[in-house]
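Use these hints to put chains B and C onto chain A, whose structure you have.
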Amino acid sequence: MKEIKLFLGPQHPGMHGNASVHMYVEGDIINKSRLVPGMLHRGFEKSMENRTWMNNIGLIPRVCVVEPDINEMCFAQGAEILNEVLVPEKAHYIRMLILELARISIHLMSLGGIGGPTGLYTAMYWAQADRDLLLDIFEAITGHRVYHMYIVPGGVRKDLPEGIEKLIIKTLDGIESRLPEYEDLIFNNPTMQSRMVGEIMLPAEVVWDLGVTGIGMRSATGEAYDLRKVNPYARYDQVEFDVPVATYSDAYTRMKLKMLEVYQSIRIIRQVLDGMPEGKPNVKISRGSALKWTVKEGQIYSAVESSRGEFGYYMVSDGGTSPYRVAVRGASYPQGLLGIEKYMPGTRIDDAPLWFDTMGICSPEIDR
Amino acid sequence: MAKKANIKKDKVKKIVIDKSKSIIDAPSGMFSDKINEPFAHEMIVSKDRSENLTPKQRKRKWKSMANYFSANSLWMLMYCTGCCAIELPQAMTSRYDMERLGMGPMATPRQADILLITGYLSLKTLRRLIYTYEQMSEPKYVVGFGPCTLNGGIYHDSHAVINQLDQYVPIDLYIAGCMPKPEAVMNGFQDLIDLIEVGEATGWKDYHARYEWYKQNQKEALGEVMIHDEFHE
Amino acid sequence: MMNSTNRPGMNEMVNELKARFNVEEVTFVQDHEAHVDLHRKDLHEALTYMKQNGFRQLSAVTCIDWPNEKIFQLIFNIYDWSKGNRFIFRVKIDREEAMFTTITNIYGGAKYYEREVHEFFGVVFEGNDSALKQLFLEQWDDLPPLRKDFDSRAYSDRKYVKREYKTSFGEKGGEPFERN
Chain A
1 MKEIKLFLGP
11 QHPGMHGNAS
21 VHMYVEGDII
31 NKSRLVPGML
41 HRGFEKSMEN
51 RTWMNNIGLI
61 PRVCVVEPDI
71 NEMCFAQGAE
81 ILNEVLVPEK
91 AHYIRMLILE
101 LARISIHLMS
111 LGGIGGPTGL
121 YTAMYWAQAD
131 RDLLLDIFEA
141 ITGHRVYHMY
151 IVPGGVRKDL
161 PEGIEKLIIK
171 TLDGIESRLP
181 EYEDLIFNNP
191 TMQSRMVGEI
201 MLPAEVVWDL
211 GVTGIGMRSA
221 TGEAYDLRKV
231 NPYARYDQVE
241 FDVPVATYSD
251 AYTRMKLKML
261 EVYQSIRIIR
271 QVLDGMPEGK
281 PNVKISRGSA
291 LKWTVKEGQI
301 YSAVESSRGE
311 FGYYMVSDGG
321 TSPYRVAVRG
331 ASYPQGLLGI
341 EKYMPGTRID
351 DAPLWFDTMG
361 ICSPEIDR
Chain B
369 MAKKANIKKD
379 KVKKIVIDKS
389 KSIIDAPSGM
399 FSDKINEPFA
409 HEMIVSKDRS
419 ENLTPKQRKR
429 KWKSMANYFS
439 ANSLWMLMYC
449 TGCCAIELPQ
459 AMTSRYDMER
469 LGMGPMATPR
479 QADILLITGY
489 LSLKTLRRLI
499 YTYEQMSEPK
509 YVVGFGPCTL
519 NGGIYHDSHA
529 VINQLDQYVP
539 IDLYIAGCMP
549 KPEAVMNGFQ
559 DLIDLIEVGE
569 ATGWKDYHAR
579 YEWYKQNQKE
589 ALGEVMIHDE
599 FHE
Chain C
602 MMNSTNRPGM
612 NEMVNELKAR
622 FNVEEVTFVQ
632 DHEAHVDLHR
642 KDLHEALTYM
652 KQNGFRQLSA
662 VTCIDWPNEK
672 IFQLIFNIYD
682 WSKGNRFIFR
692 VKIDREEAMF
702 TTITNIYGGA
712 KYYEREVHEF
722 FGVVFEGNDS
732 ALKQLFLEQW
742 DDLPPLRKDF
752 DSRAYSDRKY
762 VKREYKTSFG
772 EKGGEPFERN
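Residue numbers (the numbering used here), protein chains in the order written: chain A, 1 to 368; chain B, 369 to 601; chain C, 602 to 781.
Below are the DMTMM-like pairs computed for lysine to aspartate or glutamate, each with C-alpha atoms no more than 20 Å apart in a straight line: (1) K693(C) / E297(A); (2) K760(C) / E588(B); (3) K652(C) / E223(A); (4) K642(C) / E625(C).
By construction, these hints were calculated from the structure, which means they are not laboratory data.
Same shape as in the complex, but just chain A (with noise of 0.2 Å):
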């Protein structure tokens, strides 16, 4: 058969954001495959430098649109540890409590995102109406639905408003008792099934050879890999979770993890509530005029756990009001770019929209 190229993306409807993966076919089968990134770059590591480190909360988060939380944590940790700064107790459990907040919405996100290569699109009106209500949390909380610019260099931005705990609770309940249909819909369906199970594998030894991380990795390892428990930030270390893990990787186990970590999550959240300690939100991490702040000289490497994965930022700072440096290690970069390169050949052509979606492939957090 005759070998044609075809460019999927970037403008295509079961594609996740901007980004286009141009391959060879032969039938339907991709013979080569290249991840085209590059549409969504902004240059943002140096427009960081040019702003001080207050203004950097601002631009940050646009870093991943879908989950905006974890590049402010990096940040604000980054910059703490640098100033030897303390933070407040209730300013982690706020953190945690935002961050699993943002973690459900993200997997959310992803199980709606499933209707898009596999044609389940009640799953993404139920997933996005779920999602929707998180939102409201969130706006209640700082004020904004999707960029919060909330968690700030020495806590957060501002105390939680009064009886949010009952929102929260009552969202997270609701949620909760939906997500058996959600297993119903999509892991318990037969057309689901026959589409995911035994696809796109991602055996162990492919995880370490491309450095994948996350939910990747720990659906094929079968052990916690997981940042939150192998090095705990904010108080991850004072509630109890477990972290889901398989050994056998194909879309349907990773998909899988991604609702039983929404469960977890929500027990995070239960815990976090129920211990919230009272003090102060925030304390300063320098002195004077936070658009004045400066941050000790000194590198370092300050990572999270993201919902794809370990994300980081490596921060340097010459002692001055801006960073000197700040570099981005995206969570869905090795299986974004050289996953595909590699692993892909060998798949079907609607198989690729579903490596976006199962892998978690975010494209504003590749090309930044």
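For chains B and C alone, kept in the frame of chain A given last:
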């Protein structure tokens, strides 16, 4: 039953169909200056009403009719260029339900009416956006989201992001907010529908009229608009 | 900044590294994170040694530009998931002749990181031919953009049409905001 039918028959107004006179020619240049084909030969309008119209009025009538139809059936292209796209699923699904405005997503640019430019545009995206825009059939409308399309927004000093989108493609409507909330998006779409109904969303005509100027700007920013083979082995 | 850490495996590993290689300086930033300044000739052997000793993941390769010292500092970030220890190797290379040997034969995942460093800093990685092509940018016509001597604002002003406002929003009557 028979009685009822008789009554109804009497009440029906007799429409005189005179094929030689009653067919109204669609005014030329309604969709594009180049296309002179009549809009719809099959449409038949009663003789007595059309006789009273001057050609100018007739032209206006046709235009308003076409505008009415295109305003109430808008297909938006599924193309997310930047951050603001993250609120579009919310606007599309259960809570805000874009379909009640007669809008729906469309997978291919050839059949889409609206191009949503959801946020900042890097040069690499702009090059593909121009391809996409030129593939769309007319009439076509462009909506710019957020300040990034207006003046570069938060990326005003970035080396990779353009600052002013209306230099490269015509924009019919801007929606404010970084990012616009679904309410703002829905409100913006309602405004766009109103604009189309009164015939003021004429960006695509401007693209024809000032084609050279747009191309010149595109070339200045992009070097060349061509997309090369990018299989970077 | 700490000089030592209590975390199991960290001090032993640092002592091993000091014994085997030409280590210039070791800093503990957090108790699980050590920054090791190495001589550039020792890096590949050190990485191989680390990979054999549990550090199976390469988290990132990146670069820092120090124009005053006329050097680039290359950062190799490796991680041991089973113990939770992180080592960051830093080597200095000459800024004028920015060349380094690829590490893709040790960590295959470095391929695209090296390519990114080449694109944004102009560092050539010998042995990684694909790294010479553009990845994120398209038809780039200036200095590599993350170098300190590249001014992104000036580039933007020169290349993209700005919207004109009658009111000036900048400080000091429309002058670009200056850092103090």
